[in-house]
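Read top to bottom, the protein sequences are chains A and B.
When the first sequence is numbered by the working numbering, its final residue is 477 and no position is left out of the sequence of numbers.
When the second sequence is numbered by the working numbering, its final residue is 248 and no position is left out of the sequence of numbers.
The hints are simulated quantities; they were obtained by calculation from the structure and are not laboratory data.
Misleading hints may appear alongside valid ones.
[To be verified] Among the chain B residues that face chain A by a calculated CB cut under 8 Å, a handful are:
1. E206
2. E207
3. R210
4. G215
5. L217
6. V219
7. G222
[Claimed, not checked] From chain B, some residues computed to sit far from chain A (all C-beta separations above 10 Å):
8. A87
9. R134
10. P144
11. P148
12. V187
13. A247
The C-beta atom is built at its ideal place from N, Cα and C for all residues, glycine as well.
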Amino acid sequence: MKPGRVVASFDSATGMLRALSRFLHGRDVPLIGQGPAAAEPLAAALSGAANRLPRGLKERAYAASGWAEAVPLRQVGGIRSGALARWVTGHYPHRRSDVAFVGSANGAMIHLCAALGAPWLPQTLLIPVRRHGVHPDEPREDLRRTREAGQALVTANPDLVLHQMHDANQDRLMIAGMSYFRVKWRRLPAAYRHYLERTLAPGATLVVVDCELRWPVTRAGPRHVYQHGAPGGATPEEYEDGGPRVADYLRRYGSPHRRWDYPAADGESPEAEWGFEPGLLPDLRELAARNGWRLARMSFAEPEHVSPVVADLYREWYRRRGLPADRLLAECFLLLEPWWTLRSGSVPYWMVFNTEPSRASLTGYLDGADPFEEIRLLLFSHGVESVGLATIGQWRETLARAGKVGVFTGVDTRAYPRDFAGLARAHRELARIRATVPMPLPMKWETAEKFLADRDELRWGTEEPTAAPGLDGRPGR
Amino acid sequence: MSLQRQDHVVDELTVAGHRRRGPGPPVVCVHGAGVSSRELLPFAEVLGERHDAWAIDLPGFGASGKPDRPLILPALADVVAAWVEEAGLERPCLLGVSFGCQVVVDVAVRHPEVAAALVLAGPTVDPRGRSPWRLAGQWLRNAPGESPRMMPLNVADYRDAGLRTVLAAFGESIRDRIEDKLPLVTVPALVIRGSRDRMVPQAWAEEVTRLLPYGRLAVMDGLPHMTPYRDPRRVAGTVAGFLSEVAA
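Kindly produce the complete structure, drawing on both the sequences and the hints.
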């Protein structure tokens, strides 16, 4: 199977990879990078019409779209991590850089990379796996049906850890016909190694993006964990023990259950989608030492902790360039537009998802920042009125914080959270903004590093090269 | 109490007005090109519950007197400014709809002492659509979203005004460069756009707000160009909210 078919297209890591690699090629991201710009008007019109379909049909369409891009169960053992890594590095232009990033997916970090003109290599990819006949609220049964395929995958790929993830809250429609296999590299794949060696010169910096978020799991086998739910609107306790919000949600969706029957948790593990698996560190240290690179580790407790840092970095950068810096672009999940962020002179604030905690993080940032004249909001629609979803009314309150213009961008407020058109309209509407500014030259890495190292939201650690370039076998500390 | 007809004479021309005298400060509604206060009466009726609401006919339109030849935009603005004084209103809010926005912006920049605030509902004309053909195309695309009950009112308005006056008003709306005047508006201004307005693109509504020194944009979900006719209560609520903020 082609790697591009194995990996989910509608996922954070691949969405971010597309957005950043297109940016480094000098392009924006129409149709979230999944189709030609010329198809955008048609896609927007068709998906807008689809938004008017009855709810049941739309929910089935969501489920079918997930199923259609998933890998058949029996083919999972044939997936090879080396090919996936080559597919990732193939996205980027061949160019020297004085900094590169590797590790956790993070929307704010993507804007950091865009500002610097630097690439990022994801540690984690999502492989959606087809399986039938499991009720979304029965995770034990999901694991029972897919454990064997999981074992086949990790046996064939000793460099991977499988973080199987089951989120019956937010992924309810998608998991009807598939299971989420998130794989993390614990050894650096050859393609990443070669790519980094071709990109970074001696003295350059390799930044490890280290999201420390952990989540309850059940160990399903060697290098195979099963994660109970996922960050978003519900808490780990609600996934584990249920609660009034969970019971109400399950009742609304006509489920025979009132809580989920996850297998007993026996520990915590780096969070499947965002968390960094530190098993990769020794390889990165060794590679940095061998090539005479500095190794920097950017650690943070939760994905959204990077967002205010990068937002402020952009704001300061605009002000240094003599621009107003009074526009905010609030982005959600994989709806990211690094190119238009810079062309519209917007400060990017990335949110993990469309939930109350994400909205609270955005309003918290607005509370502490100088007021914005304009606020634009991109909202990802996942099709489910899930626990902790922030409503359109609540988002409106946030938009009212703008001095002049507080608007949804590409959101069909009547269809949300079952808004297919957002994927086509977010870019389309953003690209219509009339007040644009020139694309800046890349930011200097020293400037950015100094800024990042001073911020409390991040822990910044650096390891200077201990071996002269070209000397092998001297792992640094 | 509902709407009452009150006419005034300005420069030897009768200016027809409809008023509902609510407790709040005065708001004067100015209609779009070729039409009259007819389309704004239901809105003035609702707004009059809270404000001293007026809807007037510009000279040449509706029940107002007919000048010898159609008035150009600055002349229409001068009439509105003189009418405010004649009616004895103390710095009202001027609310324009469509072409009416161009009139009230002209009043605000050439007679800065007249208005205390502006409301621009569906401000025309987007400089990127400034041609008769484009305007006609936008008008046609917008029409299906409007209330079907508005059509007979439009027809009556066009009949009252006559073809020459209607065309002259559209001509004035195309010639006027509102974007040059917006930065000179010194009072708070609320811009209203229906999310399904095909005559006022979102990017233009944002640009209008951006150009106004004290502008603020309200997007009304699901409404077409003529927001006050399509949903008088929602628009009146938004306007009243804006005016209480301005007063505070």
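Okay, the hints, checked on the actual structure:
At its closest, the beta carbon of E206 of chain B sits 5 Å from a beta carbon of chain A; the interface hint therefore holds under the 8 Å criterion. Below 8 Å, beta-carbon pairs count as interface contacts, and E207 of chain B has one with chain A at about 5 Å; its hint therefore holds. A least Cβ separation of about 6 Å between R210 of chain B and chain A falls short of the 8 Å threshold, and the interface hint therefore holds. Against a cut-off of 8 Å between C-beta atoms, the interface hint on G215 of chain B holds, since the closest Cβ of chain A lies about 5 Å away.
With a cut of 8 Å, the hint placing L217 of chain B at the interface with chain A holds, because the nearest CB-to-CB distance is about 5 Å. The beta carbon of V219 of chain B is positioned within 8 Å of a beta carbon in chain A (closest approach about 6 Å), and the interface hint is therefore held. Taking 8 Å as the C-beta contact cut-off toward chain A, the hint placing G222 of chain B at the interface holds, the least distance being around 7 Å. Interface exclusion of A87 of chain B from chain A stands, the closest Cβ pair being 31 Å apart, more than 10 Å.
Its beta-carbon lying about 16 Å from the closest one in chain A, R134 of chain B satisfies the requirement of being farther than 10 Å from that chain. The beta carbon of P144 of chain B sits about 15 Å from the closest Cβ of chain A, which is more than 10 Å, so the claim that it is off the interface holds. For P148 of chain B, the non-interface assignment is confirmed: its Cβ lies about 20 Å from the closest Cβ of chain A, beyond the 10 Å cut-off. With a least beta-carbon separation of about 15 Å from chain A, V187 of chain B lies farther than 10 Å from that chain, consistent with its non-interface assignment.
The claim that A247 of chain B lies off the interface holds: its Cβ sits roughly 18 Å from the closest Cβ of chain A, which is beyond the 10 Å cut-off.
Going through the hint list in order, the structure satisfies each hint without exception.
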